[in-house]
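Two chains, each in its own frame: build the complex with the hints.
Chains A and B are the protein sequences, given in the same order. For the first sequence, the positions run 1 to 108 when our numbering is used. For the second sequence, the positions run 109 to 187 when our numbering is used.
Worth flagging that the hints you see were computed from the coordinates, not collected in a lab. Worth double-checking, as some hints may not be accurate.
With a straight-line cut-off of 27 Å between C-alpha atoms, the simulated DSS-like cross-links for lysine-lysine are [said to hold, decoys possible]:
no.	chain 1	residue 1	chain 2	residue 2
1	B	LYS113	A	LYS89
2	A	LYS102	B	LYS113
3	A	LYS64	A	LYS100
4	B	LYS160	A	LYS23
Some chain A residues near chain B, calculated using beta-carbon distances under 7 Å [said to hold, decoys possible]:
no.	residue
5	GLY24
6	THR25
7	GLY79
8	ASP86
9	ILE87
The C-beta atom is built at its ideal place from N, Cα and C for all residues, glycine as well.
Residues per chain, in single letters:
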Amino acid sequence: MNENIKKIITNEIQNNDVCLFMKGTPDVPQCGFSMAVSNILKILNIKFKGINVLENNELREAIKEYSDWPTIPQLYIKGEFVGGCDIVKEMYEDGKLKEKFKKEKIIS
Amino acid sequence: MAMDKNEIQKLIKEAIPDAVIDIQDLAGDGNHYSAKITSGIFKGKSKIEQHKIVYNSLKGKMGNELHALAISTKEKNNE
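Chain B on its own, in the form it takes in the complex (with noise of 0.2 Å):
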C-alpha cells in the first residue's frame, strides 16, 4: 500500500482550493509523507478541525492506502 506524492496533492487541493502544500516523502517508500498546510479556511478553526478538514479531503485513504501522513496546518492570514 502507497500513495504517490502527487496524488496526495492533488486531493487536497481539490478540497482546499488555496492550500499551500508542501509534501515530503520521509522515508523515500511513498507510506510516510509529511504535509504542510496553510490555508485561509483554518482560520478559527480548532487544530483537531484543521486536521479533520486535511484528512477529510484524502476521503478516507487515511489509515488505508496512506499509513502516515505527518499533517502540519497554518491559518494564511494575508487575505
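Chain A with its partners taken away, still in its complex shape (with noise of 0.2 Å):
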C-alpha cells in the first residue's frame, strides 16, 4: 500500500468519529450490505461520514489491507476498526452497537 493512501485512509479515520468505506453513498449505496449497514447507522440518528470506495480502485484494495479484512463495507469508530456488515448487524441486533456509540460519547 502506497504511503499517501494510506495518509487518506488514517485521515478520514482520524478525523470522523464515525467513518464508514462502503460501496456508493449513504444516499445511493450500490450494493446491499452498505445499504444494510448505512441503513442503521441512519436508524440510530449517527453522524457519519461514507466514503465511496468504488470511486478510487487503489482505495478500494488499501482499505482491506489496511484493516486486514477482506470485504466492504467497513465501520470504523473513533478510529477503531469495528466489523463489517454480519458483525455491525449482530451488533445492532443485540444493542450493543448503541452502547458502543454511547460509551463513545457519539449519542447520548
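Structure below.
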C-alpha cells in the first residue's frame, strides 16, 4: 500500500468519529451490504462519513489491507475498526452497537 | 465468478476441523451464501477475530471468487 493512500485512510478515520467505507454513498448505496450498514447508522441517528470506495480503486484495495479484512463495507468508530456488515448487524440486533456509540459519547 | 457450496464447506473444515457448518445458497446463484459456523476455536476471541479465522480459511477467495458470504460464528461450549 503506498504511503499516500495510507495517509488518506488515516486522516479519514482520525477526523471522523464514525467512518463507513462503503460501495456507493449513504444516499445511493451500490451494494446491499453497504446499504444495510448505512441504514442501521441512519436508524440510530448517527452522523457519519461515508467513503465511496467505488470512486477509487486504489482505496478499495488499500482499505482491505489496512484493516486486514477482505470485504466492504467496513465501519470505524473513533479510529477503531468495528467490523463488516455481519458484525454490525449482529451488534445492532443485540443492542451492543448503540451501547458502543453511547460509550464513545457519539449519542447520548 | 462463483463457488460451489461443498468447496466452501471443505475449506472451512480443513482450517477448523471441529466446526459444525451450515451453509445456505441465498440466491441460488452460487455467489451469495450464508454460513453458520460453530467451533471451540472461537472461544475467548472477538467477533472480528472469529470472522477473520473464517475468512483466512477461504484462502483469499473471499471478495474474489466468492462475492458474498454472510458469516455468523458461535462458540462451541460443551467440550
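Status of each hint after checking the structure:
Among the hinted pairs, LYS113 (chain B) with LYS89 (chain A) is consistent with the structure: their alpha-carbon atoms are about 24 Å apart, no more than 27 Å. Pair hint LYS102 (chain A) plus LYS113 (chain B) does not hold up; C-alpha atoms about 40 Å apart against a cutoff of 27 Å. With a CA separation close to 23 Å, the supplied pair LYS64 (chain A) and LYS100 (chain A) stays within the 27 Å bound. Between LYS160 (chain B) and LYS23 (chain A) the CA atoms are separated by roughly 21 Å; this keeps the pair inside 27 Å, and the hint holds.
Given the 7 Å rule on beta carbons, the hint for GLY24 (chain A) is violated: about 15 Å separates it from the nearest Cβ of chain B. Using the Cβ-Cβ criterion of 7 Å, the hint placing THR25 (chain A) at the interface with chain B is not satisfied: the shortest such distance is roughly 20 Å. With a cut of 7 Å, the hint placing GLY79 (chain A) at the interface with chain B is violated, because the nearest CB-to-CB distance is about 15 Å. The closest approach between the C-beta of ASP86 (chain A) and any C-beta of chain B is roughly 5 Å, which is under the 7 Å cut-off, so the hint is satisfied.
Against a cut-off of 7 Å between C-beta atoms, the interface hint on ILE87 (chain A) holds, since the closest Cβ of chain B lies about 5 Å away.
Of the hints listed earlier, those the structure fails to meet are numbers 2, 5, 6, 7, in rising order.
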